[in-house]
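From first to last, the protein sequence lines are chains C, D and E.
When the letters of the first sequence are read in order and numbered with the working numbering, they come out as residues 1 to 311.
When the letters of the second sequence are read in order and numbered with the working numbering, they come out as residues 312 to 750.
When the letters of the third sequence are read in order and numbered with the working numbering, they come out as residues 751 to 1024.
Where hints are given, some of them may not hold.
Label pairs and their calculated CB-CB ranges [said to hold, decoys possible]:
id, chain 1, residue 1, chain 2, residue 2, range
1, E, Ser800, D, Asp488, 24 to 34 Å
2, E, Leu810, C, Ile50, 22 to 32 Å
3, C, Gly66, E, Leu940, 56 to 66 Å
4, D, Lys589, C, Ile295, 38 to 48 Å
5, E, Met761, C, Gln215, 37 to 47 Å
6, D, Ala463, C, Ser102, 36 to 46 Å
7, D, Asn369, E, Leu771, 51 to 61 Å
8, E, Gly815, D, Glu730, 36 to 46 Å
9, D, Gln692, E, Ala881, 52 to 62 Å
10, E, Leu987, D, Ala463, 24 to 34 Å
Some residues of chain E that are not near chain C, with every Cβ distance over 12 Å (derived) [unchecked claim]:
id, residue
11, Ser814
12, His818
13, Val828
Note that these hints are calculated values from the structure, not bench results.
Cβ atoms here follow ideal geometry from the backbone N, Cα and C, with glycine treated the same way.
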Amino acid sequence: MKAISRTSSATAPSAEVTGARSFARTTRLLMAPAVIFLLIWMLVPLAMTIYYSFQQYNLVMPMYNGFAGLNNFAILLSDPTFWKSLANTLIIVGASLVITVSLGLMLALLFNRTFVGRGVARTLAVAPFFVMPVVTGLIWKNMLFHPVYGLFAWVARQLGLEPVDWLAHYPMLSVIIMITWEWTPFALLVLLTGLQSLPEDQIEAARLDGASAWQEFRHIVIPHLGQVLYVVVMLESIFFLTSFAEIYTTTSGGPGTATTNLPYYIFQTVFQQTDIGIASAAAIGAVILANIFAIMLIRFIAGNLNAGAAR
Amino acid sequence: MRLALFVSGIGIAGLGVCSAAMAQSTEITVATVNNPDMVTMQSMMSAFNESHPDIKVNWVTLPENELRQKVTTDIASGAGQYDVVTVSNYETPIWAQNDWLTPMENLPDSYDVDDLLKPVKDGLSVDGTLYALPFYAESSVTYYRKDLFEKAGIEMPDKPTWSQIKDFAAKIQSSSDGVYGICLRGLPGWGQNMALFGTMVNSYGGRWFDMDWEPQLTSEEWKNAANAYVDLLNNYGPPGVTSNGFTESETLFANGQCGMWVDSTVAASYLSDPETSKIADKVGFAQAPYETTEKGSNWLFTWALAVPQSSKHQEAAKTFVDWATSKDYIQAVADDKGWLAVPPGTRQSTYSSEDYVKAAPFAPLVETAIKSASPNDPSAQEVPYTGVQFVTIPQFQAIGTRVGQLMAAMLSGDTSVDEALQQGQTFTDRIMQQTGKPQ
Amino acid sequence: MNSSRFTNGVMGVLAWIVALLIFFPILWLLLTAFKTEQQAFTVVPNFFFSPTLESFKTALAQGSGYWHYAWNSVLTAVASTVIGLALAVPAAYAMAFYPNKRTDFLLVWMVSTKFIPAVGVLIPIYLVYSAVGLLDNALGLTLLFTAMNLPIIVWMVYSYFRDIPKDIVEAADIDGASIMQTLFKVVLPLALPGLASTGLLALILAWNESFWSITMTDHSAATLAVYIASFKSAEGLFWAKMSAASVLAIAPIIVLGWFTQRQMVRGLTFGAVK
């Protein structure tokens, strides 16, 4: 299948060079719109954010605006809420990643078996991934988590337990539950598709060699899924780092700052405190954090490209 | 003005939107809060369009916190999305000084400016010029359930203390009936939990700043007030109190789930209306509680309508504001929906109206509360600022927002009282250093 | 053999239980949408009730503005997808078939812009939008959705293009077809299923997006996400109405998602899964 590839063109340099030269202009033209668009919509604003982070700039206090030096960063770093929001962000990303991936893997193994109505069951199980996050927030907040009228409260009372006020007493857990409800189906979907592409002959060969189920899983399934798992982790990190709707519609970052993550912290600093300078400084923090994750992604893609070239 | 209309007309026509309709009518966008009186205003639109068929009104109705966010950023960044904004007596003087609001001058004689209650009018004026017109005004009072008090054999004084409130709450709380001793705002926001908590701080003798603008959040008075607040709500409050703002608490009380509720006077008519309230005949009224001092124990808050300088349809917007805050509007609501539904607290004529006082027996109490609110003398101690439940400086929006969050964290047990107040102090200090002290 | 059949049976039942548990919140939403407000808001949940369309009627009624928001959702999602594809297809085509030294860098750079969090660019975009009148504007929101999805679209389209045998393209080149002719006559027809699922994913992501729509719009260009989010502080009894509105907002996307799940996974995983 992968006989086609860059290597085939690289082995015929002479033909390729002339072709490339005549095409170079056109290909540049083909790339330009997308590149320019991303420059304007992502890099220019990013540069402006950096600029604002050095400004004393509060929308409602125009009389105090001016150059701030490193003051915004100093204020930010001395703000316990900023650190709290950073920690919350990492907790959300970390916990949700661990839960969605491990649960998703278990479910994928379960759904990879043959049983009656598998297609329908799988279709039901992946549905939450397609649900709008604001709807997720509202369903869970009102109809499930509500301490008096919610379904969980009813179940608790049926079991003779005191209903729990989830969003007030376990806010972070509640947020993670909502996020994993949305994203475990995604992990399941991707990993299941990965499992189904596992070559039968490999498994059979292993079974003939007398491999146990665990050995089979450890030495054939996991290596095969490696790349897929990587994609799941990367895509989920992107979305978990920027979780917003689930928090906005349920806890509004609270109680207090219990569920204020970095995006929500910045949102509040812009729209409630109207402090552009400090919000920009915090945004730079969010970009740096995202970059740490991005470096891993870039490594992966680079590796993937090389793998493609090697085939 | 006309040029602006013309230019925006061309812009819209250029976008291919029907330009013929533009010539005949002006569309204005009104940003308002989702309180019952504002909802009433929206349902009165046919009356407005009868007299002003050429003005089409679009509504942006938001909860209080979101409304503030949207309106503040819109006005401060000059975006001009809104032609009429709902602002309070906190923003109005500050924004007027920034030249963000158009002065409300040349009002028609029939508007009768002098009919507006003085504390309300003063709060919306700078150097004698009005920059917003009051839609309704409120102070805070104590609502209680007469039936539960009778059953418990206790009596509510005209002006209770917070200590008494706590004793009462203990006596009327009944988990078997699903009645919580007291409901109070816990939803973070400077206009939400901080409105109530701010008056608690005042009545415990506290203040936001001393005369050198040093924040006072770690003072004894603040600690006492905070402990009392946490103690009351954790022992006698409803679950999930940190998500209860004005509307949520109002729904709870109207549903019969609260024994007492200290909140805005504006809820009085909602609670007294059998259509909306299960306890309409059982609700009693008293003045807001105090503790060591009566100064600043009841707030003064005005929801007013203003026209931003960035509005592209200022004439039409002003016409709407005049109408919505006029005597005629009050009369129209009374005719259409009854006197209980009229927006309270703004005009002497409302309180002089026999029909109103007959329909709203709580009217004199509300009038007293509003007139007794003391924005110019809010604390037992000397202060450099005005405002009862807020401080009329631009920094307060950020400070009140953050301290409100901290108070909610304290309520939910996320942080201790001391820790929350310490963090509030640090934050306030930092903001004041960042911007420099007010002149 | 028997024990293995037994295990299979148990696992099948387990899988069904898990599937139903996962799906339950959506089912509950659906049921609530067919209740009256009084039936929806009860301490003891109503599992059996006579269904009514009342809440759907209220949700869709003239004054509710539902159609206004739905139209904005359709408009911004479709337009951003079309623009996104129009920008991404030529770029991915050039990178997949006419790579040069900078191709790897450009591709990685494009995909990595997805890692710039929205909050990192929110402030300047908000201020610039308010200055040029793009706040609460469908065009402004569409362009934001495009920027948000473009990296993923490029990524997916590129991975689909890479699966097209290069010989075919080279043959067309040698036959003297221009680059654009090759793109339209040879590559696009072959990649059509992949482009369709890419488009659907972009549509789904734009439709479900809430950060930009909540911060950048409030009425004129507000989408269903904004409308639904406004229920977060609704007053009185609103669960049934909220459920009906939510069902209407998520149903089309869930159905679309069900149809395209497999192709979507393939593109997203960069062709790692076939």
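Those earlier numbered hints the structure runs against, lowest number first = 2, 4, 5, 6, 7, 9
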